[in-house]
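Residue numbers (full-length UniProt numbering), protein chains in the order written: chain A, 1 to 313; chain B, 1 to 381.
Treat the hints as calculated values from the structure; they're not laboratory data.
For clarity, every value in this text was computed on a predicted model and none was experimentally measured.
Just so you know, even glycine gets a beta-carbon here, dropped at the ideal spot from N, CA and C.
Be aware that a few hints might be false.
[Claimed, not checked] Taking lysine-lysine pairs in the DSS-like style, the calculated list, with each CA pair at most 27 Å apart, reads:
| id | chain 1 | residue 1 | chain 2 | residue 2 |
| --- | --- | --- | --- | --- |
| 1 | B | Lys360 | B | Lys373 |
| 2 | A | Lys123 | B | Lys188 |
| 3 | A | Lys266 | B | Lys294 |
[What the hints assert, rightly or not] Simulated DEER-style distance windows between Cβ atoms:
| id | chain 1 | residue 1 | chain 2 | residue 2 | range |
| --- | --- | --- | --- | --- | --- |
| 4 | B | Gly226 | A | Val97 | 46 to 56 Å |
| 5 | B | Thr332 | A | Gln180 | 51 to 61 Å |
| 6 | A | Gln224 | B | Ile107 | 48 to 58 Å |
| 7 | A | Glu220 | B | Leu276 | 30 to 40 Å |
| 8 | B | Glu99 | A | Lys266 | 35 to 45 Å |
| 9 | B | Asn129 | A | Ser71 | 33 to 43 Å |
| 10 | A | Glu220 | B | Cys323 | 49 to 59 Å |
| 11 | A | Ala205 | B | Leu101 | 20 to 30 Å |
| 12 | B | Lys115 | A | Gly259 | 55 to 65 Å |
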Amino acid sequence: MDPLRQSPSPCSSRPSSPKTPPCEIHGYVGIEDVLDQVKIKAMKMGFEFNIMVVGQSGLGKSTMVSTLFKSKVWKCTLPGLGMPIPQTLQLKSVTHVIEEKGVKLKLTVTDTPGFGDQINNDKCWDPILGYINEQYERYLQEEILITRQRHIPDTRVHCCVYFVPPTGHCLRPLDIELLQRLCRTVNVVPVIARADSLTLEEREAFRRRIQHNLRTHCIEVYPQKCFDEDINDRILNSKIRDRIPFAVVGSDQEYLVNGRCVLGRKTKWGIIEGPRVGKPTTRKQTDLEIKSLLAAGRTQASYLTLWASVSSQ
Amino acid sequence: MSTGLRYKSKLATPGEPGACPRARARLCPRRPPASHRVFPSLPRTPARTRTPTRPRPRRGQAGESGLGKSTLVHSLFLTDLYKDRKLLSAEERISQTVEILKHTVDIEEKGVKLKLTIVDTPGFGDAVNNSECWKPITDYVDQQFEQYFRDESGLNRKNIQDNRVHCCLYFISPFGHGLRPVDVGFMKALHEKVNIVPLIAKADCLVPSEIRKLKERIREEIDKFGIHVYQFPECDSDEDEDFKQQDRELKESAPFAVIGSNTVVEAKGQRVRGRLYPWGIVEVENQAHCDFVKLRNMLIRTHMHDLKDVTCDVHYENYRAHCIQQMTSKLTQDSRMESPIPILPLPTPDAETEKLIRMKDEELRRMQEMLQKMKQQMQDQ
Chain A
1 MDPLRQSPSP
11 CSSRPSSPKT
21 PPCEIHGYVG
31 IEDVLDQVKI
41 KAMKMGFEFN
51 IMVVGQSGLG
61 KSTMVSTLFK
71 SKVWKCTLPG
81 LGMPIPQTLQ
91 LKSVTHVIEE
101 KGVKLKLTVT
111 DTPGFGDQIN
121 NDKCWDPILG
131 YINEQYERYL
141 QEEILITRQR
151 HIPDTRVHCC
161 VYFVPPTGHC
171 LRPLDIELLQ
181 RLCRTVNVVP
191 VIARADSLTL
201 EEREAFRRRI
211 QHNLRTHCIE
221 VYPQKCFDED
231 INDRILNSKI
241 RDRIPFAVVG
251 SDQEYLVNGR
261 CVLGRKTKWG
271 IIEGPRVGKP
281 TTRKQTDLEI
291 KSLLAAGRTQ
301 ASYLTLWASV
311 SSQ
Chain B
1 MSTGLRYKSK
11 LATPGEPGAC
21 PRARARLCPR
31 RPPASHRVFP
41 SLPRTPARTR
51 TPTRPRPRRG
61 QAGESGLGKS
71 TLVHSLFLTD
81 LYKDRKLLSA
91 EERISQTVEI
101 LKHTVDIEEK
111 GVKLKLTIVD
121 TPGFGDAVNN
131 SECWKPITDY
141 VDQQFEQYFR
151 DESGLNRKNI
161 QDNRVHCCLY
171 FISPFGHGLR
181 PVDVGFMKAL
191 HEKVNIVPLI
201 AKADCLVPSE
211 IRKLKERIRE
221 EIDKFGIHVY
231 QFPECDSDED
241 EDFKQQDREL
251 KESAPFAVIG
261 SNTVVEAKGQ
271 RVRGRLYPWG
281 IVEVENQAHC
291 DFVKLRNMLI
301 RTHMHDLKDV
311 TCDVHYENYR
321 AHCIQQMTSK
331 LTQDSRMESP
341 IPILPLPTPD
351 AETEKLIRMK
361 DEELRRMQEM
371 LQKMKQQMQD
381 Q
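Only chain A is shown next, with the shape it has when bound in the complex:
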């Protein structure tokens, strides 16, 4: 049984229904040891995380994914670099198993080279939506079998990171068209790509404008308001929502800065620092790192409710 499965009813994912009155216990029972059992099982089974990166070529999608997971996700030459722009949108998936302190994560990254690069980008979002729906269909087919597998391999896209080019103005018509369609089907996390080309003031102004555009066009990005479970969630999520879209910079080069080894970009006027190499990122992170993707991984439960509402249509 999937330890993270929650009740499929939307907007109410509490383990116990509010109608059941709580029962008092006299003395220590040891219920909390269930957590250890869950942990052992989870460690054995591992987690799955499927992420899709969407954006025009050259916005640093592949570099960002490698920076985020601190490993060379794309083993062969980076797609797009030195290769001609593909004529039609192609989807490329690569799967890795990353392990940290005994916890295994099966990470699948789907790239979309050729998106938004043509002269006429009409309906360039169709292959992406087709792919996402295909994964849902596959899972549904497995689920409705009479004798189904104990653990259905989950290839559904859990998170779609959309890279907005750092123009500094506002969302473009192509961005809006895609986001409107995507946010109804998948968790979308928009990010401002290559944010090292914007000064702090420009970045803030750009962020506010994008937030305004998202509100005007009713685009609900992750974390969606309706999936906030309780007050703590709401507080955490509103902090995240205030910072969306995140302004990110990716890098695969290491530099020594003040005695620390960091991933960064070295220019003639300074070094843009990314995350530290070889150290867990437990300290408070700046705008240059994506925090929410880790949060997205934790709240797979919210994702399941979204999927349930889609599959019932």
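Got chain A sorted already, so can you dock chain B onto it with the hints?
Showing chain B alone in chain A's frame:
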């Protein structure tokens, strides 16, 4: 102007003998002898060129929005042409088509006046479907040529206003891996009509090795797609080594990687035009940071006249030849008598000019009749 150096813009006049459309006047800046007073920031063209009218270059710029075109113009000419500009919101952008916006400013420096016109193209490359998004721009360039053609063939030819586009700054996005299909489409549509100077916009987001690779890639793709961008003229062989070295460096830095800035920041105790980042300050006028200074020198101080000359001698002549060819083929189709004056589809002229045209026509006919009679007489004899 009371100095030894005066400037002339060499306008091609129709029917000039030996005017070969592909030959270009070689104008290279030469260091004038010490006795001449020199304007430090004006093009140092040889003393043989003089102009009665003030120079009026016209520049177009194109590239997707958000690439820093307006900021660069501000940095280049140190004027704020876009003070009251209102950025379009996302909803407005959806229904927008490519617009052509003209801003004209009169700049004066040390007694030399420059009438500068900047033509901006907001909306270019912004839509979902960008097929033929360069059509409004090609139409505009053609329109200016046509206007000039008419003025040249008209009656009052002394004060022709030159509204032709002398230079097109094309901003290539630094985020791509070279030229995008839109870039190639645009440049192929305009390379025979206007001098295209490709630039890498927002170069502060690239590290030096990335800039090098991108420049090489763009140069390769320009060759591969057969795009004719503006070529810097060759130096004369009698130039000194310094100058030849400068010229070589200029040619090797193309396409220029530029950064623009509207703000002045404090760096190393000096106030410079630049961008303030948490990790350092980018100085726009620092040659180690970007090619802005090279672009400015090229555009204003050394190659302004050459750009205008190439526009007059090459692009305009091509347009004119094409236009005349079309007209003559139309004429032979209509089987009308050929007249020495090119018959243009003129707009409805006013009564006075019509009268004058009629008078001239009559005169010409009379002269032709006289010539015929004389020929006949000679044949009879």
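Exercise for the section: Please flag the earlier hints that this structure goes against, numbers listed from lowest up. Expected result: none
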